[in-house]
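Peer 1: Here are the chains, one letter per residue:
Number of protein chains: 2
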Amino acid sequence: MERISKIAKSICAIDGAMLERAQNRLDNLTKPLGSLGRLEELAKQICGISASENPLLKNKVIFTLAADHGVTEEGVSPYPQEVTAQMVYNFLSGGAGINILAGHVGARVVVADVGVSIDLKPDSRLVDRKINYGTKNMARGAAMTKDEALKSICAGIEIFENEYKKGIDIAGTGEMGIGNTTAASAITACFTKRPVEEITGRGAGLDDKGLNNKITVIKKSLSANNPDPLEAIDVLAKVGGFEIGGLAGIILAAAANKVPVVIDGFISGAAALIAYHIEPKVKDYMIASHCSVEGGHKIILEFLGLKPLLDLNLRLGEGTGAALGIGLADAALKILTQMATFKSANVSEKKNE
Amino acid sequence: MERISKIAKSICAIDGAMLERAQNRLDNLTKPLGSLGRLEELAKQICGISASENPLLKNKVIFTLAADHGVTEEGVSPYPQEVTAQMVYNFLSGGAGINILAGHVGARVVVADVGVSIDLKPDSRLVDRKINYGTKNMARGAAMTKDEALKSICAGIEIFENEYKKGIDIAGTGEMGIGNTTAASAITACFTKRPVEEITGRGAGLDDKGLNNKITVIKKSLSANNPDPLEAIDVLAKVGGFEIGGLAGIILAAAANKVPVVIDGFISGAAALIAYHIEPKVKDYMIASHCSVEGGHKIILEFLGLKPLLDLNLRLGEGTGAALGIGLADAALKILTQMATFKSANVSEKKNE
Numbered sequence: 001m002e003r004i005s006k007i008a009k010s011i012c013a014i015d016g017a018m019l020e021r022a023q024n025r026l027d028n029l030t031k032p033l034g035s036l037g038r039l040e041e042l043a044k045q046i047c048g049i050s051a052s053e054n055p056l057l058k059n060k061v062i063f064t065l066a067a068d069h070g071v072t073e074e075g076v077s078p079y080p081q082e083v084t085a086q087m088v089y090n091f092l093s094g095g096a097g098i099n100i101l102a103g104h105v106g107a108r109v110v111v112a113d114v115g116v117s118i119d120l121k122p123d124s125r126l127v128d129r130k131i132n133y134g135t136k137n138m139a140r141g142a143a144m145t146k147d148e149a150l151k152s153i154c155a156g157i158e159i160f161e162n163e164y165k166k167g168i169d170i171a172g173t174g175e176m177g178i179g180n181t182t183a184a185s186a187i188t189a190c191f192t193k194r195p196v197e198e199i200t201g202r203g204a205g206l207d208d209k210g211l212n213n214k215i216t217v218i219k220k221s222l223s224a225n226n227p228d229p230l231e232a233i234d235v236l237a238k239v240g241g242f243e244i245g246g247l248a249g250i251i252l253a254a255a256a257n258k259v260p261v262v263i264d265g266f267i268s269g270a271a272a273l274i275a276y277h278i279e280p281k282v283k284d285y286m287i288a289s290h291c292s293v294e295g296g297h298k299i300i301l302e303f304l305g306l307k308p309l310l311d312l313n314l315r316l317g318e319g320t321g322a323a324l325g326i327g328l329a330d331a332a333l334k335i336l337t338q339m340a341t342f343k344s345a346n347v348s349e350k351k352n353e
Numbered sequence: 001m002e003r004i005s006k007i008a009k010s011i012c013a014i015d016g017a018m019l020e021r022a023q024n025r026l027d028n029l030t031k032p033l034g035s036l037g038r039l040e041e042l043a044k045q046i047c048g049i050s051a052s053e054n055p056l057l058k059n060k061v062i063f064t065l066a067a068d069h070g071v072t073e074e075g076v077s078p079y080p081q082e083v084t085a086q087m088v089y090n091f092l093s094g095g096a097g098i099n100i101l102a103g104h105v106g107a108r109v110v111v112a113d114v115g116v117s118i119d120l121k122p123d124s125r126l127v128d129r130k131i132n133y134g135t136k137n138m139a140r141g142a143a144m145t146k147d148e149a150l151k152s153i154c155a156g157i158e159i160f161e162n163e164y165k166k167g168i169d170i171a172g173t174g175e176m177g178i179g180n181t182t183a184a185s186a187i188t189a190c191f192t193k194r195p196v197e198e199i200t201g202r203g204a205g206l207d208d209k210g211l212n213n214k215i216t217v218i219k220k221s222l223s224a225n226n227p228d229p230l231e232a233i234d235v236l237a238k239v240g241g242f243e244i245g246g247l248a249g250i251i252l253a254a255a256a257n258k259v260p261v262v263i264d265g266f267i268s269g270a271a272a273l274i275a276y277h278i279e280p281k282v283k284d285y286m287i288a289s290h291c292s293v294e295g296g297h298k299i300i301l302e303f304l305g306l307k308p309l310l311d312l313n314l315r316l317g318e319g320t321g322a323a324l325g326i327g328l329a330d331a332a333l334k335i336l337t338q339m340a341t342f343k344s345a346n347v348s349e350k351k352n353e
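Read top to bottom, the protein sequences are chains A and B.
Those letters in the first sequence? Residues 1 to 353, by the numbering used here.
Those letters in the second sequence? Residues 1 to 353, by the numbering used here.
Simulated from the structure, these hints should not be mistaken for lab results.
Quick caveat: nothing in here was measured; it's all calculated off a predicted structure.
Some clues are possibly wrong.
Note that the list lumps identical chains together, so a pair holds whenever it fits in one copy or between two copies.
Below 27 Å or equal to it, Euclidean Cα-Cα: the simulated DSS-like pairs (lysine-lysine) are [as the list claims (entries may be wrong)]:
hint : residue 1 : residue 2
1    : K121      : K343
2    : K334      : K58
3    : K298      : K121
4    : K9        : K44
5    : K350      : K6
6    : K146      : K209
7    : K130      : K350
8    : K121      : K351
9    : K220      : K350
10   : K58       : K219
11   : K350      : K219
Here chain A stands alone, though its shape is the one from the complex (with noise of 0.2 Å):
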């Protein structure tokens, strides 16, 4: 606990005055004011996490951490369980969709296992920070112990400072875990207090009869544990996720060395939540990526009063919304340090109406 407190501790408010040598500089540029829109506001905003007024995107850096769920018991994915290892397979191998998108934008992936629910073949390129086989089924009890979640917040942000040491100028989250809908689910519900109902979706493509399922196991889950929503860690414990956690630290850290963190979907969005409710500061250094089209991730958007960039069906997870967020800033960075100003560019500006 102590390290994730000193983690939230660090976290500063963003740099006003960057944000408005950014906004000058935006209003200077050989275009009508404003006419970028969000690609603007993006640029601003990267200014005033970064505090410099020409960030650099070198160094992109998705993390997609991978866990595995006790409530799958229960039926509620279509999927069975040992395919989050074989995803993770094919994460290191390079085929899967945040292995394309990542590298369409330039970023590279970190894949760390800190809850699969069996021994992985050991691969240098994995990140092992395993916290346990899989969380325990919540529908009949917590799905980890309290220590259990505070290791998973201090994976993360121990994934992160590493990583960190080779460079990171803007960070996206990412994971991959059958059933993991469901626990998103369940800790959206608990923070925001929406009916069960509204927040669950069919994940990756259940049917009527196994959504229905969904929302009966979701409500049991919350019901047999009764999670604090002013304790984030006691949600996080009792309707939680190792990869959920383990991006809740990753998010912490990320802000606590002022770097911008790109949120994916539904899932990225609990962990944003449960960040959140650790330390409401950090939702500043947050840009949402993507509108999923699981209900849940709306409410939790808007709850965050965060407005996501893209809004394109996306369903996937694993990162792959951020990998395009992480493409738009590089492109608002771009506008806001490479264009001409109407000044260098003899372009006449606006006449007094």
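Assemble the complex: chain A is given as a structure, and chain B must be docked to it using the hints.
Peer 2: Relative to the frame of chain A, chain B by itself:
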């Protein structure tokens, strides 16, 4: 007219069998069915357009056409007309928004003068296809002659075809012309029959008084000219612009050559309306990059049944939204062609529910 009819007649329906093959391939990739949403649709559309299972986006070209508008006499823009020419020089020296965003996605920008009001300094990088020194003031009569309207479309076709010799796998539309949201609004009102008040926006930044004046000028232009919505050339001649005609030509030529064409914002949308009314099959070759802040753009997209990929509050034009759309198209095709399949990656498929 013969040239245009010939191009229009050569536009075929997109390849249905290829759409099916692309869908089949997408469904075998290591991700839940359809979980990459709009990216999957986009990849599929490009396979259908190019009639290829492995479309490569090596040559990406954005056509940025510049022209002036006589209607600026009526005070419809907060910027002086000279800015059109100044921005052409800015495009050529690489300092404008489109240069930065095209560079970001690896596209080259073809800058053409199809009707700037002054003689531009000769420059080997500038395509000179000037039809006239700006249009006439449409509030007092036709913006151009019928012959000029035809010439502007032909100019677009020729600009495309000349560039096509160097290779074009995907095209984007862009424009520059002080006053051209006024022309685009009039075109949109004529074809969609929606009220001018709903269609007209603040362009490069009009205040309330300026906006009201612009609405009055558009209404006056429509009643003075009475363009016939069943005759695309009549609409273009009476209330259009040279760059709008040129872009309609680009769009038709792209479709005739089975090249996907990414439509930028409101003015490009007005050009898409012209192209569509010449040959409706052209629509399937269009990719709507974004939804502009200009209200008329949403009306065009709905009229054509196009779903924009992005909604980033852009209103710059030049092809900036098209550039971002081309980046997404690139990402979509990488997903299609580079991701592992369930079989190749040994990942278990969905259980039968």
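Peer 1: For each hint given before, does the structure comply? Return the numbers of the non-compliant ones in rising order.
Peer 2: Hint check: 3, 5, 6 and 10 fail, others pass.
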